[in-house]
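Chemist: Sequence:
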Amino acid sequence: YQDKEEVVLWMNTVGPYHNRQETYKYFSLPFCVGSKKSISHYHETLGEALQGVELEFSGLDIKFKDDVMQTTYCEIDLDKGRRDAFVYAIKNHYWYQMYIDDLPIWGIVGEADENGEDYYLWTYKKLEIGYNGNRIVDVNLTSEGKVKLVPNTKIQMSYSVKWKKSDVKFEDRFDKYLDPSFFQHRIHWFSIFNSFMMVIFLVGLVSMILMRTLRKDYARYSKEEEMDDMDRDLGDEYGWKQVHGDVFRPSSHPLIFSSLIGSGCQIFAVSLIVIVVAMIEDLYTERGSMLSTAIFVYAATSPVNGYFGGSLYARQGGRRWIKQMFIGAFLIPAMVCGTAFFINFIAIYYHASRAIPFGTMVAVCCICFFVILPLNLVGTILGRNLSGQPNFPCRVNAVPRPIPEKKWFMEPAVIVCLGGILPFGSIFIEMYFIFTSFWAYKIYYVYGFMMLVLVILCIVTVCVTIVCTYFLLNAEDYRCSWILSVQELSVCMCICACMYVCIKKNMMYGLFQTSFYFGYMAVFSTALGIMCG
Numbered sequence: 033y034q035d036k037e038e039v040v041l042w043m044n045t046v047g048p049y050h051n052r053q054e055t056y057k058y059f060s061l062p063f064c065v066g067s068k069k070s071i072s073h074y075h076e077t078l079g080e081a082l083q084g085v086e087l088e089f090s091g092l093d094i095k096f097k098d099d100v101m102q103t104t105y106c107e108i109d110l111d112k113g114r115r116d117a118f119v120y121a122i123k124n125h126y127w128y129q130m131y132i133d134d135l136p137i138w139g140i141v142g143e144a145d146e147n148g149e150d151y152y153l154w155t156y157k158k159l160e161i162g163y164n165g166n167r168i169v170d171v172n173l174t175s176e177g178k179v180k181l182v183p184n185t186k187i188q189m190s191y192s193v194k195w196k197k198s199d200v201k202f203e204d205r206f207d208k209y210l211d212p213s214f215f216q217h218r219i220h221w222f223s224i225f226n227s228f229m230m231v232i233f234l235v236g237l238v239s240m241i242l243m244r245t246l247r248k249d250y251a252r253y254s255k256e257e258e259m260d261d262m263d264r265d266l267g268d269e270y271g272w273k274q275v276h277g278d279v280f281r282p283s284s285h286p287l288i289f290s291s292l293i294g295s296g297c298q299i300f301a302v303s304l305i306v307i308v309v310a311m312i313e314d315l316y317t318e319r320g321s322m323l324s325t326a327i328f329v330y331a332a333t334s335p336v337n338g339y340f341g342g343s344l345y346a347r348q349g350g351r352r353w354i355k356q357m358f359i360g361a362f363l364i365p366a367m368v369c370g371t372a373f374f375i376n377f378i379a380i381y382y383h384a385s386r387a388i389p390f391g392t393m394v395a396v397c398c399i400c401f402f403v404i405l406p407l408n409l410v411g412t413i414l415g416r417n418l419s420g421q422p423n424f425p426c427r428v429n430a431v432p433r434p435i436p437e438k439k440w441f442m443e444p445a446v447i448v449c450l451g452g453i454l455p456f457g458s459i460f461i462e463m464y465f466i467f468t469s470f471w472a473y474k475i476y477y478v479y480g481f482m483m484l485v486l487v488i489l490c491i492v493t494v495c496v497t498i499v500c501t502y503f504l505l506n507a508e509d510y511r512c513s514w515i516l517s518v519q520e521l522s523v524c525m526c527i528c529a530c531m532y533v534c535i536k537k538n539m540m541y542g543l544f545q546t547s548f549y550f551g552y553m554a555v556f557s558t559a560l561g562i563m564c565g
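In the working numbering, the protein residues as written are 33 to 565.
Honestly, the hints are just simulated from the structure, not real lab data.
Beta carbons: idealized from backbone N, C-alpha and C, even for Gly.
Worth double-checking, as some hints may not be accurate.
Once the Cα atoms are required to be at most 30 Å apart in a straight line, the calculated DSBU-like pairs of lysine-lysine come out as [said to hold, decoys possible]: (1) Lys196 / Lys208; (2) Lys36 / Lys194; (3) Lys97 / Lys158; (4) Lys197 / Lys186; (5) Lys197 / Lys248; (6) Lys69 / Lys158; (7) Lys95 / Lys57; (8) Lys69 / Lys112; (9) Lys255 / Lys201; (10) Lys123 / Lys97; (11) Lys112 / Lys196; (12) Lys158 / Lys438; (13) Lys255 / Lys439; (14) Lys438 / Lys255; (15) Lys178 / Lys201; (16) Lys197 / Lys69; (17) Lys123 / Lys36.
Across the chosen pairs, the derived CB separations fall in these ranges [as the list claims (entries may be wrong)]: (18) Gly91 / Met483: 16 to 24 Å; (19) Phe503 / Leu418: 38 to 46 Å; (20) Ala332 / Lys180: 43 to 51 Å; (21) Leu78 / Val431: 49 to 57 Å.
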């Protein structure tokens with residue numbers, strides 16, 4: 033900024049404190065606007081539009097390094113309707129958010145007395161802005177001027193601005209919004225260490241047990257090969273060797289199966305890339321940048337989906353590859369957009385700022401049809417041509433082998449339920465910190481922890497998959513593809529079981545917040561399950 037240059041105070045949203053996502057335009061409450069009218073236009077990004085950012089000019093005249101004494105900028109004519117609106121907001125603990133030079137500021141609308149009979153509005157915004165050189169590095173808001181809400185009176189709104197020199201560097205100005213005592217708590221470090229030790233134990237256990245067990249199996253099968261035909265017919269044959277002619281049999285519903293596998297590979301690629309970018313770029317410093325980055329990376333990694341899904345479908349003998357490509361390309365976008373549009377109807381009914389504008393919907397649909405679909409087509413063609421030919425080490429029998437009866441704990445339903453407990457145990461503490469940052473008022477910034485947890489989750493999932501595969505094949509059940517791909521959905525069930533605890537803790541209420549919470553948590557849980565599968 034130059035000295036005396038205009039500094040814009042943007043009013044963003046207002047809403048109940050306990051429902052973070054239930055926000056409304058600031059001027060949906062009967063606040064008044066300052067006298068200054070001329071202002072440069074603000075262009076919102078795709079991520080901001082999807083997150084319900086509604087920046088409106090406050091009308092306050094603020095200039096760089098120019099102190100302003102307490103000044104009345106407008107007057108509210110408080111009739112009964114306006115008073116009732118303010119009383120409702122105060123009863124529900126409404127707070128508002130503002131921005132100065134992209135730095136967020138929060139304030140409370142008002143407060144009630146101890147008896148809950150009289151209600152008071154904060155009418156004086158006392159701004160203290162810190163600068164370092166020609167840049168703004170710190171903003172603080174103090175709400176003063178408590179005025180009782182009485183019908184048919186006039187309330188004067190005022191503000192003041194005090195500029196002070198600060199030693200905070202411009203690149204460190206967001207550090208005050210972070211909470212190291214929460215995210216770098218000993219429990220967080222202990223959970224990472226605990227998960228890491230579990231990985232070492234699990235890898236060692238799997239390696240030792242499988243190597244010893246497989247060595248015995250090889251010895252038994254070698255002994256059987258030395259027998260003559262009469263002894264082999266009289267012998268008791270069992271184990272995984274008996275299903276070698278069926279284990280590579282195409283899975284049931286190969287079209288859906290290959291689409292899920294391709295989508296899971298893409299979600300993993302998106303997660304990996306976005307976490308790496310967040311570790312490098314500090315995406316939390318810009319509004320909507322994380323969501324915008326995720327959308328861009330998801331569109332750019334569409335060939336990954338097409339390659340793995342298309343090649344798997346070709347190896348399984350699928351012929352309707354165009355249909356598979358469409359399902360693979362639109363499986364995740366349809367799930368996310370369907371949930372978003374359903375919640376959008378509720379947001380429109382509530383007149384909430386989270387209601388997605390029609391233009392943004394069109395933009396998202398254009399990304400799906402003109403970016404994701406063509407790139408998915410390229411990946412599918414590459415996958416079919418480069419790795420679409422079956423290269424199984426043994427041929428598949430023409431007649432499927434009957435599956436013998438097995439013990440209850442080897443049934444697919446039990447394997448599905450038990451298979452996700454260890455992966456969930458390796459990530460549930462990190463999920464708590466992520467949920468707290470998204471559903472409460474914390475900024476998540478420890479993406480190094482998230483990367484480590486992602487690596488731990490991958491290793492645990494691999495180990496669990498190896499063990500489950502061995503148990504199933506040893507029980508002569510060759511239907512392991514679907515069972516292993518959906519077993520990690522039990523991770524989602526564990527997460528969903530924790531939802532009620534989070535709701536009770538955060539005291540969420542109302543149809544809109546409940547729908548938003550359960551809708552997007554279901555999307556997150558399903559995407560996590562598809563990725564792990």
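Chemist: For every hint, state whether the structure bears it out.
Modeler: Hint-by-hint comparison with the structure:
1. Lys196 / Lys208: The given pair, whose Cα atoms are some 17 Å apart, holds under the 30 Å limit.
2. Lys36 / Lys194: Measuring from Cα to Cα gives roughly 13 Å; hence the hint holds.
3. Lys97 / Lys158: With Cα atoms ~15 Å apart, Lys97 and Lys158 stay inside 30 Å; holds.
4. Lys197 / Lys186: Violated, at roughly 37 Å.
5. Lys197 / Lys248: Between Lys197 and Lys248 the Cα gap is close to 75 Å, so the pair fails against 30 Å, i.e. violated.
6. Lys69 / Lys158: Holds: Lys69 and Lys158 sit about 21 Å apart, inside 30 Å.
7. Lys95 / Lys57: holds, 25 Å
8. Lys69 / Lys112: Given pair Lys69, Lys112 holds - Cα atoms ~28 Å apart, limit 30 Å.
9. Lys255 / Lys201: Measuring from Cα to Cα gives roughly 74 Å; hence the hint is violated.
10. Lys123 / Lys97: Not OK: Lys123 and Lys97 at ~37 Å, beyond 30 Å, violated.
11. Lys112 / Lys196: violated, 41 Å
12. Lys158 / Lys438: Outside the cut-off at roughly 73 Å; violated.
13. Lys255 / Lys439: Given that 30 Å is the threshold and the Cα spacing comes to 27 Å, the pair holds.
14. Lys438 / Lys255: Holds, because 25 Å separates the two Cα atoms, which is no more than 30 Å.
15. Lys178 / Lys201: With Cα atoms ~35 Å apart, Lys178 and Lys201 exceed 30 Å; violated.
16. Lys197 / Lys69: Holds, because 29 Å separates the two Cα atoms, which is no more than 30 Å.
17. Lys123 / Lys36: violated, 40 Å
18. Gly91 / Met483: 16 to 24 Å: With Cβ atoms ~44 Å apart, the hint is violated.
19. Phe503 / Leu418: 38 to 46 Å: Once the Cβ atoms are compared, 33 Å apart, the range 38 to 46 Å for Leu418 and Phe503 is violated.
20. Ala332 / Lys180: 43 to 51 Å: About 56 Å separates the Cβ atoms of Ala332 and Lys180, which means 43 to 51 Å is violated.
21. Leu78 / Val431: 49 to 57 Å: holds, 54 Å
Violated hints, in rising order: 4, 5, 9, 10, 11, 12, 15, 17, 18, 19, 20; the structure is consistent with all others.
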